[in-house]
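Enquirer: Sequence:
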Amino acid sequence: MGISFLDRLRKRYGEVRGATVPQSLAEDREGVAGLLSECELLRARAETEGVELDDTAASLERLDQLVPRWRDDPDEQSWLGNDAGLYLGTVVVRNVPGASWQIWPNGRPVILLACGRELDVVEAGHEWAQSGTPELSQVYAEASEI
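Heads up, the sequence shown is in my numbering, so the first residue is 1 and it goes up one at a time.
Bear in mind the hints are in silico, worked out from the structure with no lab data behind them.
Where a beta carbon is used, it is the ideal one built from N, C-alpha and C, also for glycine.
A couple of the hints might just be wrong.
The following label-pair restraints were derived from C-beta to C-beta distances [unchecked claim]:
#1 P105 to G31: 17 to 25 Å
#2 E76 to P134: 14 to 22 Å
#3 V67 to P97: 30 to 38 Å
#4 S100 to R69: 29 to 37 Å
#5 N95 to Q130: 24 to 32 Å
#6 E142 to A33: 20 to 28 Å
Modelling step: build the complete structure from the supplied sequences, incorporating the hints.
Expert: Right, dumping it as structure tokens:
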């Protein structure tokens, strides 16, 4: 069905790949931030590799150094990509002044930087899990320079 309003939304926000937040929770900023920071699979994987995730830019650098064993399992790769993106977003929100979570109409959590730029951290996490680029630490560095 060609509903122009919905078509414009799909063009702007695209199809949702990965993590989404129900609109009913989107207004609870603290609740959303807490929910999105859990990243259980990533935290478990990092712990088994001896990497502490302490919500700092240095922890992103340590994640970038992990051997990508998850690439052998498409399901784990997808889940880990979600978690990597959400963890990246958590680090940005906690360390970059003026950064905050924003929920697109399709439920996709993104980071809104103080300059007004939106950063799709979930997509960056999926790309990192699939190919290793962009490095999570590089995405963070770019967000913190703006």
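Enquirer: It remains to establish, for every hint, whether it holds in the given structure.
Expert: These are the hints, each one checked on the structure:
Distance hint check: the CB atoms of P105 and G31 are about 19 Å apart, consistent with the given range 17 to 25 Å. Our hint of 14 to 22 Å for E76 and P134 holds, since their Cβ atoms are close to 20 Å apart. One distance hint, 30 to 38 Å for the beta-carbon pair V67 and P97, holds here, with the actual separation near 34 Å. Range check, S100 to R69: about 33 Å between beta-carbon atoms, so the 29 to 37 Å window is met.
At roughly 25 Å, the beta carbons of N95 and Q130 sit within the given window of 24 to 32 Å. Under the hint 20 to 28 Å, the C-beta atoms of E142 and A33, about 21 Å apart, fit the expected range.
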